[in-house]
Amino acid sequence: MNGNQPPRIAKWLLSHFGCSPNNDAVIGDLDERYRQGHSRLWYWTQVFKGIMISLAQELGSHKLVALTAVITGWILLLVGMLLFRAVVASLNTLVRSNQPGNLGFLRETLMFHRNISLAVLIGISCIGWTCIGWILQRLYRPNDKAMVLTFVITVVAALISVTLAVSIQQPIVSSPHPQWASITYGLVGICGNTLGLICLIMGAGLLRDTRSQFARH
Amino acid sequence: MTKHDQLGSFELMVILTLMRLGENAYGVPICEELEKRTGRDVAIGSVYAALERLEDKSFVTSELGEPTAERGGRAKKYFHVTARGLKEVRETQRSLVKLWNGLPELQGGRA
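First to last, the sequence lines map onto chains V and B. In terms of my numbering, the first sequence is residues 1 to 217. In terms of my numbering, the second sequence is residues 1 to 111.
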């Protein structure tokens, strides 16, 4: 018998990202088998397979829904990006203008405290991502978990391809080390987008504790 | 019968295992029995995926047991073969036996 507790992170991942309607029973079975003497690697492998298989099963039985979820997600993302650009353009205009009064104070703040402008932009971006997750979760119940994860996978694939392509093909020539500067720029982009995706997953409610829901069924 | 209602090879293995286990058919013994009989590692996720498909086809029903401490307070889910499932297994067996019969490659247990 293995008296240890199963790996916490693996268990957390399965309980939040496993798409099977029997997810709670799967976790219980994994815990029972782990305590019978299986290794931590075995547990992690089972968790990874469990998430992938349950996602594939959900997508296989709801192909059309998955396609519409991905298209809806991308439309929302594109609309969000357009709105974000509009906000950035407005802030730039404000910073360059000579507005008196309250707007003038805002302009001064944004100009002299660049960190505040950056925080405002990151905040707006996070709210946007959260809203996309929330809308997808509302639209695609009861398969929302699988649909949100599918959309996230398409976004991650697109972001990685675009970031790699841009950082390799267009080095920042103004830097003394253009190639490294481009890679750093790409990594910053990836980190920013990872934060966005975490907000999306939070907005979709995937990080909520699901124990109480399963216990009711 | 539509293609959707037919048994896949892994589904057939799972349903035969359920018949062997009888009343005690939940995830852990199903996996153990499958591993013992086939000699291969089985992912619990794939067993549940097959069980969900079988339940959709009404070949299997399920019921929740009591939560236990060794399972982190989670309940076992017991599966039972329905009359429809049993009928489908018999039909699959008949079809497979007809296909197997008379094949020289399979005579005398040669590979």
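Bear in mind the hints are in silico, worked out from the structure with no lab data behind them. Positions of the beta carbon are idealized from the N, C-alpha and C atoms, including for glycine. Be a bit skeptical, because a hint or two may be false.
Cut-off 25 Å, straight-line C-alpha distance, at most; resulting in silico cross-link-like pairs (SDA-like, lysine to any residue) [to be verified]:
#1 K49/V x R84/B
#2 K63/V x E52/B
#3 K36/B x E23/B
In silico negatives: residues of chain V with every beta carbon more than 10 Å from chain B [as the list claims (entries may be wrong)]:
#4 I51
#5 L76
#6 L78
#7 F84
#8 V152
#9 L159
#10 L206
Restraint-style ranges between C-beta atoms, simulated for each label pair [unchecked claim]:
#11 V120/V x A69/B: 45 to 51 Å
#12 L13/V x F10/B: 21 to 27 Å
#13 G123/V x S58/B: 21 to 27 Å
#14 G102/B x Q5/V: 42 to 48 Å
#15 R40/B x V188/V: 42 to 48 Å
Please name the hints from earlier in the document that this structure breaks, with their numbers sorted from lowest to highest. 1, 4, 13, 14
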